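Protein chains in written order, with the working numbering: chain B, 486 to 978; chain D, 486 to 978.
There could be a bad hint or two in this list.
[As the list claims (entries may be wrong)] Quick partial rundown of chain D residues pointing at chain B, CB under 10 angstroms, derived from the structure: (1) V519; (2) E534; (3) M536; (4) F554; (5) V579; (6) G593; (7) D597; (8) A599; (9) L606; (10) I616; (11) S618; (12) M672.
These are calculated hints, taken from the structure and not from any lab test. Every value quoted in this text rests on a predicted model; they were computed, and no experiment measured them. Where is the CB? At the ideal position from N, CA and C, for every residue including glycine.
2 protein chains.
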Amino acid sequence: MAIELKELTASEENYSQWYNDLVVKADLAENSAVRGCMVIKPYGYAIWEKMQAQLDKMFKDTGHVNAYFPLFIPKSYLSREADHVEGFAKECAVVTHYRLKNSPDGKGVVVDPAAKLEEELIVRPTSETIIWSTYKNWIQSYRDLPILVNQWANVVRWEMRTRLFLRTAEFLWQEGHTAHATQEEAMEEAVRMLNVYSDFAEDYMAVPVVKGIKSANERFAGALETFCIEAMMQDGKALQAGTSHFLGQNFAKAFDVQFVNKENKLEYVWATSWGVSTRLMGALIMAHSDNNGLVLPPKLAPIQVVIIPIYKGEEQLVSISEKVHQLVEKLKAMNISVKFDDSDNKKPGWKFAEYELKGVPVRLAMGGRDLENGTVEIFRRDKLEKQTIAFDGVENHIVNLLDEIQANIYQKAFDFRASVTRNVDSYDEFKQEIEKGGFLSAHWDGTPETEERIKAETKATIRCIPLDRKEEPGKCMVTGKPSAGRVLFAKSY
Amino acid sequence: MAIELKELTASEENYSQWYNDLVVKADLAENSAVRGCMVIKPYGYAIWEKMQAQLDKMFKDTGHVNAYFPLFIPKSYLSREADHVEGFAKECAVVTHYRLKNSPDGKGVVVDPAAKLEEELIVRPTSETIIWSTYKNWIQSYRDLPILVNQWANVVRWEMRTRLFLRTAEFLWQEGHTAHATQEEAMEEAVRMLNVYSDFAEDYMAVPVVKGIKSANERFAGALETFCIEAMMQDGKALQAGTSHFLGQNFAKAFDVQFVNKENKLEYVWATSWGVSTRLMGALIMAHSDNNGLVLPPKLAPIQVVIIPIYKGEEQLVSISEKVHQLVEKLKAMNISVKFDDSDNKKPGWKFAEYELKGVPVRLAMGGRDLENGTVEIFRRDKLEKQTIAFDGVENHIVNLLDEIQANIYQKAFDFRASVTRNVDSYDEFKQEIEKGGFLSAHWDGTPETEERIKAETKATIRCIPLDRKEEPGKCMVTGKPSAGRVLFAKSY
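In isolation and in its complexed conformation, chain B is listed as follows:
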């Protein structure tokens, strides 16, 4: 049985097809039989698990604990917060019945009309409402605050056009929901978690991000302020990679959550929520990968090192395996995940291509000549470069190389983003430049109307008002009205 090399569409030919090919052929995910829902395959899930583990650690290091709230939300809860229902109640999965029965025609099962719910249940699109209805019972006094809870969960938003990882009806995420005694504390928390997300994106995913504030149009439904991290993909489109919301007292008021403060007065509780999802997988893929496949940062690679024997005859394989096993033990002791692929039904060339496709950061190949010479061939996925080095001490070389790769792919993404970020000062220039992709930094008069006009005419949106922007008075590129500083525009995922 011939095993074919899996070829990707070239990204310059059709970026969207390249992305889809890559996700499917690298065994990350695939579409399921259920419209808009994906299957996350073991290799993709292994990357997600590494992300989860690191994020979970960072959440706990900042004082948070995990909990779990119901999948279902009573329909009426969504209407409690006016903006929230506008943003979330529309496209969602609605449970109306709780029983099936045998079909009268004897074929299969049908919904039992007698088992209709009195009030429909919504499959959570996000959990503010169910969680704040619970917090009402948890909070009486300032002594009960803060509540710093996170939940790892699945959520459902009925999307008409879906793309693996980037936009799916069901996705996996974490949602933090915190409750505080003061506005300042809640605001600090929202910013703290924004920083956790940005550190994670940059230090682990090797994806540089801009930290900023969303314009009112792009704000989370029910928030007073939405903070975000925005990343730049290799096709020049931006991707919102995480958000952290300062919710004010909106949900406390909607669910009547008050506490007795230190002055013995009743006050509404202050809230934040923050989340990242399996969408991060899309960002990871599109920020680094190439036409040979995935490029994974070593810190998130399920397999950091693969070793492939190139042998003639069983005897040579035994000799190679002996040396390799020693190395494998050393690497494992150094907490490096390593796979020795001595499967005999695939040729080395096929294996090389396969592990490149899967983004394994470092590949070692060892053949008969290496045995004689005490050498090994070492290949780095990010630069597609190989060299032959001494086998003795190769483990130290690998440790350094993994660090170097992590730093290099971050730098590459950073340089790319710098190369596609520029200031524009007129709307004509903007319209021309936005077609080339990238971030455009421009003055805006601060009104939703102007933002909507730009979006309608160019498909670009304000990705954020960068937290570190210079105070630089100017004139809106569209209306000429005054502006306090530049904001970041891009077309986006």
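Following the hints, complete the assembly by docking chain D onto the known chain B.
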């Protein structure tokens, strides 16, 4: 504001109320606003996380990987396997619509009748059908086998009578779904995972279990054989703590999953599935706890050691804290989770009761006299015993004590089970004895009819045919027909 001690109903007074009190007052879980769905609170979730981490490690050590499949199952999929649909399709949450709209009366939102799904979606009660419809695309040749996949997920089964952790509409679980080239391999896998569950229950939960096979009546819907572990609770009722199913080729046939075997012939794939759920939390609670609250095995306790200062004045607190902090560092370095509770708004007595309620295995208390004498008071939760020992070297004492507690609570549960397990040889004796609770080992003629009669007349079911039962020919206690050996009966959760 007075902080009241949280009192439990005595278990001998009302076991069921004791259980519910304990779950709620120890902050493990509570009922939510959604019928039958629970909120798992941070302390309860922390125990579940420890269970998850250990089980996940054991799954990976036995060669499994994680993946994720859709929450929704097309209604028609459930009907593909005839037994399966009988067992699962009836009481389930049915999604019929994908959109809400503003209510015509301006109040809230209503289901949009225009957004009716062509085919209803079922919220997964278990995932065999959606997974085997996916495996069809993953499996062509024997080279693609085995597939050893596990999923951590939420599932929904519409239950009319729910109890926290034991029976809830939504619960968290893991479900392994494996695919094999031969019957032998699949059967080995089913038994392997049964052993993983039993090792986990005994070595980590400190709950002794009987490994066995379910009778046909109690078999998983769609399985050829269901293996189970059965635990004994302190009220004399049994609890099924985990199941592992040999599914034969049922699902492969239902979803047409065939592979080319080594002889180049098409053959249906062999399957297993296995799962444990948040129900284990119920088993953990009911196996060990007492009228003072939870008793947790040290290996699963989120806090293994709590240290409480008993002081007069700030100065004494400082001196105590200094000594305690050194100990805390030592314990952390030994991977022991420790909490120093120096909160000043609760009295030591309240704290003592609170940590007993929460099942913290070891409590240290340090006061002024201890400072003078170089001592510390150490209390073990399982035996409610305290002693005063030298502070120097207390960390080593703690390590040993934690091991001793783990062993002791297992032994206690083991002895209790032994004390309530007995042979009975006549149906009259059975009917008397079953009212006292415990496991009854009796001869049964192997027919569903007799089993159903016993259940109808006594509410007891066959918990399992123990794997290690003696071959002991006898006569069915009900019908007098021949029996090959005793089976285990009990009333159960």
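Hints and how they fare:
1. V519: Since chain B brings a Cβ to about 5 angstroms from V519(D), closer than 10 angstroms, the hint holds.
2. E534: Since the shortest Cβ distance to chain B is 6 angstroms, the answer is holds.
3. M536: Because about 13 angstroms separates M536(D) from the closest Cβ in chain B, which is outside the 10 angstroms limit, the hint is violated.
4. F554: With a closest approach of 5 angstroms, the F554(D) hint holds.
5. V579: Holds: closest Cβ of chain B sits about 4 angstroms from V579(D), inside 10 angstroms.
6. G593: This hint holds: G593(D) lies near chain B, its Cβ roughly 4 angstroms from the closest one there, short of 10 angstroms.
7. D597: holds, 8 angstroms
8. A599: violated, 12 angstroms
9. L606: holds, 7 angstroms
10. I616: holds, 9 angstroms
11. S618: holds, 5 angstroms
12. M672: At 23 angstroms from the nearest chain B Cβ, M672(D) fails the 10 angstroms test, so the hint is violated.
Against the hints set out earlier in the document, violations occur for numbers 3, 8 and 12.
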